[in-house]
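Undergrad: Chains as they are written, first to last, in my numbering: chain Y, 1 to 497; chain G, 498 to 681.
Just so you know, the hints here were simulated from the structure itself, not pulled from any lab data.
From a predicted model like this one, the values you see are computed outputs, not experimental measurements.
Computed list of lysine to any residue pairs in SDA-like fashion (alpha-carbon distance at most 25 Å, straight line):
| # | chain 1 | residue 1 | chain 2 | residue 2 |
| --- | --- | --- | --- | --- |
| 1 | Y | K162 | G | G575 |
| 2 | Y | K162 | G | L573 |
| 3 | Y | K162 | G | A598 |
| 4 | Y | K162 | G | V568 |
| 5 | Y | K162 | G | L571 |
| 6 | Y | K162 | G | P593 |
| 7 | Y | K35 | G | A655 |
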Amino acid sequence: MAPDIDYLALAPEITLAVTAVVVLLLDLFLPRRQKYWTAIVAVLGVSFAALPLIALAVSDVGDRAMLGGSFVVDDFALVLKGLFVIAGYLVLLMSVGYVESDRYYQGEYYFLLLMSILGSMVLASSRDLITLFIAVELVSQPMYLLAGWRKGDLRSNEASLKYFLLGVLASALLLYGMSFVYGLTGELTFAGIAAEGAGKAGEPAFIMAILFIIAGFGFKVSAVPFHFWAPDTYEGAPTPVAAYLSVSSKAAGFVALLVVLYSAFPDASGVWGPAVWILAALSMTLANLTALRQTNIVRLLAYSSVAQAGFMLVPFAAAATTDAVGLGEAFAATVTYIVIYAFMNLGAFAVVIAGARKTGTGDIEGWGGLGSYAPALGALAAVFFFSLAGIPPLAGWIAKLVMFGAAMGAGSPWMIALAVIAAINAVIALVYYARVVKTIWMDPVPATAPEEEVRTASVAGSLGLAIGLSAAVVVVAGFFPSLVTFFSDATKVLAGG
Amino acid sequence: MSDWFSEPANWVFLVLALVIAVSAVRVVTSTNVVHSALFLVLALGATAGLFLLLSAEFVAWVLVLVYIGAVIVLFLFGIMITRAPTGPNVEMDHRPRAPAAMAAFLMFIVTAGSGLTAFGDQEITRLGDGTSTELIGEQLLQRFVIPFEVVSFVLLAALIGGITLARRDASPAEEEATEEEVQA
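The whole structure should be built from the sequences, with the hints applied where relevant.
TA: Below you can see the structure in the form of structure tokens.
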């Protein structure tokens, strides 16, 4: 008996899988000078994967569930898949010039990147523990390898090894927690776990399982105290890979956390709420204070992304203390934050790639006067960094607004305390984001700056396109927030709000 | 308690569990990397025995084939090919033992405690005879066909990435030479 498969629902994943294999085969037959074709095929494949997504979004079939509810394509899955496709597209664009100029194994690089995007697509649809775990592995595992892609560089070796060892530990914790959940409920699908686990929220084994699962995903989203790998890995990995790690990989971790906590453990919110509260408060505070002392731009962005993960966790903690409507609001707030964060952080990383090429350094001091010889890049850097800080009218402001809205909407003293912590941290974050912009625009050009030709050389076309697209989204979404909230409201289906 | 001892399966369990516990400790404490690998074989073999005891033959033999047969052999080959020192190696012994042992012990208390409270008084219901393999095969290709396919991509990605990272890079001059050779 053949399983019942809805091929349209699987079309985006199949497109990506086929593209990845084509890239790999093409790489085998292309002479070295024409390897750039692998990049073109990869970019085209990811663009094509968006077409069935649109077809699924406009079709009026509604939610498509298959294989006993293990794989579901609903509005939540579609919005997140769209985000993963666009983020993957931008990272591919960023990689083109970077990978080519550094004589990497291009075909294999794009193959692994496509594999990771495929993993995140499957993740957005998975509604049982096995599918979810395998999808999470497919997201992270190519990244362990890509982090070490600069083979000759010791820091890249360290980045890969550190990420791999801690990632495997996280996977083990995750799987151990999941095995306990299965043992206690006898169910694999989230709907089944929610039904069976309703009366079990107080059992020690159930609490331990939930905490293990949160810890496992805590590594993936790099929340304090599970963030130790992030700064070293981001700094040592190729910068487009760091951008992917900080956006798609992190978003994948959040999607998994959202789906598991909201749809499998809705009745155990008394267990995961406080745990997430602690994670959020620690992530925001410790990461922001450490970021203040950073002198390397990539390390600064690494700590900033840890702190942003803390902001994204705030609505989770709020959800635990409210009713069904509040649950939906908090859910949508996190999704809004993830979507906006993806664009502004990808933009920031793209600017860093372009800026590092021009200034020849990753030290923030060396970026002095960038605005004077590359005004467009300097202006875009200001856009992304101010957006990350949450200054209106840029998109980051909307993200902060819905986050605070969810926290204050819950109304409990604990949530107001968390909102106050978040507000203080938003101010601290402004200091280090603004410092980068100040260095770019107000500091003199350092004596160590490279030659005039290097500084004024034009940015690679694909990288420019990536920066331009991200900037357009950040600015337009800032003026028309309804564009983003339209999508995030659609995702509430999962939280029942 | 006398019930517990009169059941022969419990005796087998006791022996297997002791073997696993002792060899697991030796995997960590041994200063010889080959010894560690061999103790791991012992621990995994006894675990396969536990699965047999639960009449889950398929899982037991997969454990033997994949872990003992492939992973450990690969590990030993890895040691041999890279010419890593196989004798006792003091560098494998780390100084701060107390905190690590403490953390491991706490972890043990948490997992064992919650496991006991959750499953301590449950009877083990055995699966039917010999159907489990067939059942797993059917489930893998029907209900769990998507994760099954996705796993194949995980393995392919690991293979491709692993080879790329492990292979020796040709110097630019060598690459040019091979290029010309291909063209000629």
